[in-house]
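Colleague: Residue numbers (our numbering), protein chains in the order written: chain A, 1 to 346; chain B, 1 to 346; chain C, 1 to 346; chain D, 1 to 346.
One thing to keep in mind: the hints can contain errors.
Unchecked claim - Here are some chain B residues pointing at chain D (derived, C-beta under 7 Å):
1. V131
2. E228
3. R229
4. K232
5. R233
No wet-lab data here; the hints were simulated from the structure.
The beta carbon of each residue, even a glycine, is placed where N, CA and C say it ideally should be.
Number of protein chains: 4
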Amino acid sequence: MELNFRSDNESPAAPAILDAVVKANQGTAWAYAEDQWSTLLEQAFSDLFGTRTTVIPLSTGTAANSIALASVTPPWGAVYCHRNAHILNDEGGAPEFFGSGLRLVPVDGDDGKFDARSMEELIHRNSGHGVHSYMPAAVSITQSSESGTVYVPEEIQAINELARSKNMATHMDGARFGNAVARLGCEPADLTWRAGVEMLSFGASKNGCLAAEALLLFDNPGGRDTVERLRKRSGHLLSKMRYVSAQLLAYINDGLWLDMAAHANQQAAAFAKAIDSHPGASLEFPVEANEVFVRWTPAGLKSLEESGVQFLYWPGRDDLARFVFSHCTSDEETSYLCRTAGGIPG
Amino acid sequence: MELNFRSDNESPAAPAILDAVVKANQGTAWAYAEDQWSTLLEQAFSDLFGTRTTVIPLSTGTAANSIALASVTPPWGAVYCHRNAHILNDEGGAPEFFGSGLRLVPVDGDDGKFDARSMEELIHRNSGHGVHSYMPAAVSITQSSESGTVYVPEEIQAINELARSKNMATHMDGARFGNAVARLGCEPADLTWRAGVEMLSFGASKNGCLAAEALLLFDNPGGRDTVERLRKRSGHLLSKMRYVSAQLLAYINDGLWLDMAAHANQQAAAFAKAIDSHPGASLEFPVEANEVFVRWTPAGLKSLEESGVQFLYWPGRDDLARFVFSHCTSDEETSYLCRTAGGIPG
Amino acid sequence: MELNFRSDNESPAAPAILDAVVKANQGTAWAYAEDQWSTLLEQAFSDLFGTRTTVIPLSTGTAANSIALASVTPPWGAVYCHRNAHILNDEGGAPEFFGSGLRLVPVDGDDGKFDARSMEELIHRNSGHGVHSYMPAAVSITQSSESGTVYVPEEIQAINELARSKNMATHMDGARFGNAVARLGCEPADLTWRAGVEMLSFGASKNGCLAAEALLLFDNPGGRDTVERLRKRSGHLLSKMRYVSAQLLAYINDGLWLDMAAHANQQAAAFAKAIDSHPGASLEFPVEANEVFVRWTPAGLKSLEESGVQFLYWPGRDDLARFVFSHCTSDEETSYLCRTAGGIPG
Amino acid sequence: MELNFRSDNESPAAPAILDAVVKANQGTAWAYAEDQWSTLLEQAFSDLFGTRTTVIPLSTGTAANSIALASVTPPWGAVYCHRNAHILNDEGGAPEFFGSGLRLVPVDGDDGKFDARSMEELIHRNSGHGVHSYMPAAVSITQSSESGTVYVPEEIQAINELARSKNMATHMDGARFGNAVARLGCEPADLTWRAGVEMLSFGASKNGCLAAEALLLFDNPGGRDTVERLRKRSGHLLSKMRYVSAQLLAYINDGLWLDMAAHANQQAAAFAKAIDSHPGASLEFPVEANEVFVRWTPAGLKSLEESGVQFLYWPGRDDLARFVFSHCTSDEETSYLCRTAGGIPG
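In isolation and in its complexed conformation, chain A is listed as follows (with noise of 0.2 Å):
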């Protein structure tokens, strides 16, 4: 038996989600996301959120973050995120590149997650010189984190509140945004605007779609014609768009997103109990969205990837490693992984 846990990214679509795109296929459409299912975005995603929001259609993460840190933030403007943040680490330079030069802080935390105050030092810090220093801009949460860690409403609002004090922006990279949802089991709203958060990336392609995200604006139509123009500009305005439109469409009706996600969080936490319940492996992190990250010996996590079992190594360590599980993990997998990993001495 084979299994893949390296990331959700490597899942296959949902039926749901390819229904959709097969549906879309039907006659001609107006090019450039003025197609009927793009324009129905924007209605779909206010209800959904509960506020008016913007809709920019987009077919990977690294462009909607990179769009979304560009449009708030000069050449010469700091954004602020997490030491292991994907937007500093996997990106290849993304951000750096559609903000002309931007640069990104990290800040360190644990378990994934950085808070206000140690914000607050670095800002202290780096940006007392004027013209010679970087201005802070932006800041950007990971949600649910790079660690499988999940902020609650009261963390972003910290974040945001300090953010707001100096004149920052606050974007949120929601790659797995639904898991963290389904996690705290709480409106979407709670977690972005409400919380202060003023553009979310929000993901689909790990949790179900072929390829498919979101740049979404809360109650700003004014910053459209920015985030627009990056996009162009950037290749990112798809000419046949009907069809990540239609994925986006399909994802969050009737709550879709949340099942899948919630499916995805479960499968975790019952590897997450049988590592914690292991004689030689132990959690690195508190699993609370879809990732477990495991401490374990090189020896013990050898023979599990010997066994069949596939997982990513954290950069540069042999002893700690990460299983991500998908919408469409199933219970026999899991069941398979646990048993696999328990049957390895520690």
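With chain A held as given, fit chains B, C and D onto it using these hints.
Modeller: For chains B, C and D alone, kept in the frame of chain A given last:
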């Protein structure tokens, strides 16, 4: 009856392409173009072109063009192209963005094509002042052109010879490459590497795909690193690339792409014939691919529009219109168009 | 005798300017334009222009132009300028660099000047396609022009009115601004803020300084932060700015700059008169400032060159030459030039 | 008595340097560094360094550093430097700007210096993920460091060996290079090309010039074109470059630069001795060049400030201050400083 001749990028995907996407949706697949479809691309395209071909799957032509040009042009380099080129007028400055401020230099030429002599005069005039001037770095040829015409191999060779003599790279924007190959009945190689073209933006979205393009590098494996860096950095490395690659494989399988392009060309030819014999309307450019440019009285064009035929006006003109035919334009639709136009007095 | 009429930027500094530099070399002075000379600039220039003027001292005109344009133009914005403008042809792409890939759009026009109508037509043709097109963002007027001609206030106003109606900013490249003011005998204000110019690159290096320019913003204190950020970020915030500021203060003190410019203009006029009566040579453009463009046979120009007179040929031409006169061109030198040219048969 | 120990860039120019500027002000001279002073630079610096040296005269160190780094680093490349480096904290993002979004990676290390091992660990951690990561491209060493310490040749060699093994270029920010050479009593070559440094930002403004720096490339004539393109494109090619080049020639003539640097170092050493024996104040870093960092009670520093001594506080700290000594700090000034500090109780 509502008929859309606005653009081939408003057509749906061909059934075989959609099927390929559906079939690719099986199980997990490694992300970031390391899946089993993406890894087949190089062999498939190398076979198609008869030489070693590096393939970079992408989801927009703007990305393909911009990555190609940025990979061979320094920020202080100039790219020569036709005055009506898509890269110059329709990509929101993407080439300048990807190329860190490179400059596009428009070259004049009839029927949407330019020749080596016009380009040479411009180079002579523009670049004699050392570091004060932009350095000629690349030329981009649109095939088929924005006017629906086609460069024959000899024309491409002549431009390429000039380019080589100036140490300039040769790029082809092949958003409608299939239409050109179908028109000329030659090998794809004849219009590309055999004529000196080093990089091809191989378009597929306009001709039957959902969203699939490929940047091809001929006999230049060393060029891969830079274009892959640019792809990632611009947010164009899809995690689930399998869906793009599956489209491309189906597209070039068994000549499908050329069959579809030939079909589109034939529809255009039929309409061109109708216009040619029309008392009031006339052809603005030779019709050699799947686009027909009609010069007519504003009243004539308006009547046609009011009869339910959709087309685009030339920017800033009410007496010049573009009709584009696609892989799925039916004989009935074209007949209807011809009849309707024919029924409007000159 | 060896005479240099190649460019006014090959002239030495005026004694009063050099003295100011020497006098500024006393004791320590706070760095980065917080010295006692730099802090006098704003009052001095506000007095000169009769309105509140923000002054950014710089050491090159390229920096002044590029910072000005980048401060008002987004990366997807277009700057309209004359086809022969220095910013377009002679600055190695600095505007594109500072402006993160903005685009310069050349406007045609006789005698080195363009008018509002030509600009309007181009805007109409170039920018009708939303995010697919560059957005018109600024216009740059060269005063005096690259052809040695001068815009009168009404011409500037007409361009500015069009610009305002399109939400475009108005910049003036005043590398030879003094020559224009001296020619027209008007107030500096008449050619700038009273005619709608918002930013002026106030040139001084060509007219008697060692290396001193200033970017001026009129009645726009809020614009300071962006231009100061751009100055620092581009490496143009000299630590010992006192030496630049001292030059500028001496330059505008007691009308020195206009005396020098008037002198240069007079020398040009004298040579223009000589050419006007020459049997073989002729003036290519009206001579309104300190530059004279002479159309002559290649043989005539070559003879002149061989007699020890240095001048520059128009790029790519051997029958068109430019002669520039400076604050320190002596009557004897001009007379010698006139006599020498006069002695060469047509 | 008012004494300024804020920075050596607040000192005036040395008489011999000013004289050179005055003498250069004779007659016309070809613009853009084709004058007779600029054309002497390469021989003069090649003699000084004992190897073929390409010289790019500039007016700021920020320009020198940024041009150097941008010439060897692609937009997706990373430059490693000390956490306190000027390029990282004090240049307003100029390296990112010139380098189209390159990234600076801070390396930790005591006393303002880092070593090869710390850098290697960071490279290992940061760059294992192919196109998703920044590519290590260059290292920049500050000599003397921002903490007033000096790298010995062996330390530079060790860093360079690592850099070479990773295909990274080695740059030295020598804003206070003279102070380092004077300290070590070695040849300039020993700290640069003999230790593997390929590019040196050779500072002169802080040590007796008005505004003069040079970017030096060692044994790399092919590197000239790129740095000259970058210089022009960033507005740093002065038309009247003669005044910069004349400064540089005078600066290195007959050892003037080392005499001035040695003088500054001696003044710093005298103050360091005074602090060392002070009951309340202490030295934060070894004093090896012309900067002294004093840790003291806020009250102690405040008393010193109130007695008329100007210095700078470390960003965000009121108990750590920097005192910089220059070529023109007199023995009397230093004595006064030592006495005054000595008279303030711990």
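Colleague: Compare the structure with each hint and give your call.
Modeller: Status of the hints after comparison with the structure:
no.	hint	in the structure
1	V131	4 Å, holds
2	E228	5 Å, holds
3	R229	5 Å, holds
4	K232	4 Å, holds
5	R233	5 Å, holds
In this structure, every one of the numbered hints holds.
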